[in-house]
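K.L.:
Chains W and F, in that order, give the protein sequences. Each residue of the first sequence is one higher than the one before, starting from 1 at the first, in my numbering. Each residue of the second sequence is one higher than the one before, starting from 1 at the first, in my numbering.
Among the hints, a few may not be true.
[Stated by the list, open to error] The calculated lysine-lysine pairs, modelled on BS3-like cross-linking and capped at a C-alpha distance of 30 Å, are: (1) F/K68 with W/K41; (2) F/K55 with F/K68; (3) F/K55 with W/K41; (4) F/K54 with W/K41; (5) W/K64 with W/K41; (6) F/K68 with F/K54.
Because the hints were derived from the structure by calculation, they are not lab data.
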Amino acid sequence: GAVVSQHPSRVICKSGTSVKIECRSLDFQATTMFWYRQFPKQSLMLMATSNEGSKATYEQGVEKDKFLINHASLTLSTLTVTSAHPEDSSFYICSASPPGGHNEQFFGPGTRLTVL
Amino acid sequence: KNEVEQSPQNLTAQEGEFITINCSYSVGISALHWLQQHPGGGIVSLFMLSSGKKKHGRLIATINIQEKHSSLHITASHPRDSAVYICAGSTKTSGSRLTFGEGTQLTVNP
Numbered sequence: 001g002a003v004v005s006q007h008p009s010r011v012i013c014k015s016g017t018s019v020k021i022e023c024r025s026l027d028f029q030a031t032t033m034f035w036y037r038q039f040p041k042q043s044l045m046l047m048a049t050s051n052e053g054s055k056a057t058y059e060q061g062v063e064k065d066k067f068l069i070n071h072a073s074l075t076l077s078t079l080t081v082t083s084a085h086p087e088d089s090s091f092y093i094c095s096a097s098p099p100g101g102h103n104e105q106f107f108g109p110g111t112r113l114t115v116l
Numbered sequence: 001k002n003e004v005e006q007s008p009q010n011l012t013a014q015e016g017e018f019i020t021i022n023c024s025y026s027v028g029i030s031a032l033h034w035l036q037q038h039p040g041g042g043i044v045s046l047f048m049l050s051s052g053k054k055k056h057g058r059l060i061a062t063i064n065i066q067e068k069h070s071s072l073h074i075t076a077s078h079p080r081d082s083a084v085y086i087c088a089g090s091t092k093t094s095g096s097r098l099t100f101g102e103g104t105q106l107t108v109n110p
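Isolated chain W, as found in the complex (with noise of 0.2 Å):
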């Protein structure tokens, strides 16, 4: 099946530093991907729809200047968290979808953010 990675799988940081999550499809060509957290114990929470060459949607109560997404290629999009705070502190997680694809999507193995 379609294989999704995500780089880093953990980091920490201190507070008020921005932190890079990578989210590649590697042998197909996702024009729409998503980012979700999740809190422990929870379901995932979709936080935008990000599509190549364009801005990302966000959902309702996500602060795009907080969370910025960058779709640049067909097989990267990429999350910023700014000025990350201790409560920014969850399991990131997109997924991918690829053209024509009838409504799958591929999920990354997620990232795990520690904000200190």
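Using the hints provided, position chain F relative to the given structure of chain W.
P.N.:
Relative to the frame of chain W, chain F by itself:
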């Protein structure tokens, strides 16, 4: 009320038992996904179905469009099946955007 609801929330079984996880949805969907999330966090897509039944190894997924209900079955369960199982739906208007159930934590004891 969530648009996608799963039951049970938690399920404990003995190795070898037949397991059923249920998913009900209140909106019309074009595709229903079953996902598996292991303790490490990574998510694997198990099935995507819009009608009927699909089988992969010991896993079977069924969907009844009229009743807005889907089930995931695991035959001959094994401790390595222990994970969170999540159902999610996508609609014709939402495209690939998914609405998630809250997940079912399955623990299979040896």
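K.L.:
Now, for every hint given, state plainly whether the structure supports it.
P.N.:
Here's how the hints hold up against the structure:
1. F/K68 with W/K41: Holds, at roughly 26 Å.
2. F/K55 with F/K68: holds, 20 Å
3. F/K55 with W/K41: Cα-Cα ~28 Å, so holds.
4. F/K54 with W/K41: It holds: about 28 Å lies between the C-alpha atoms, which stays within 30 Å.
5. W/K64 with W/K41: holds, 25 Å
6. F/K68 with F/K54: Judged against 30 Å, a Cα distance of about 17 Å means the pair holds.
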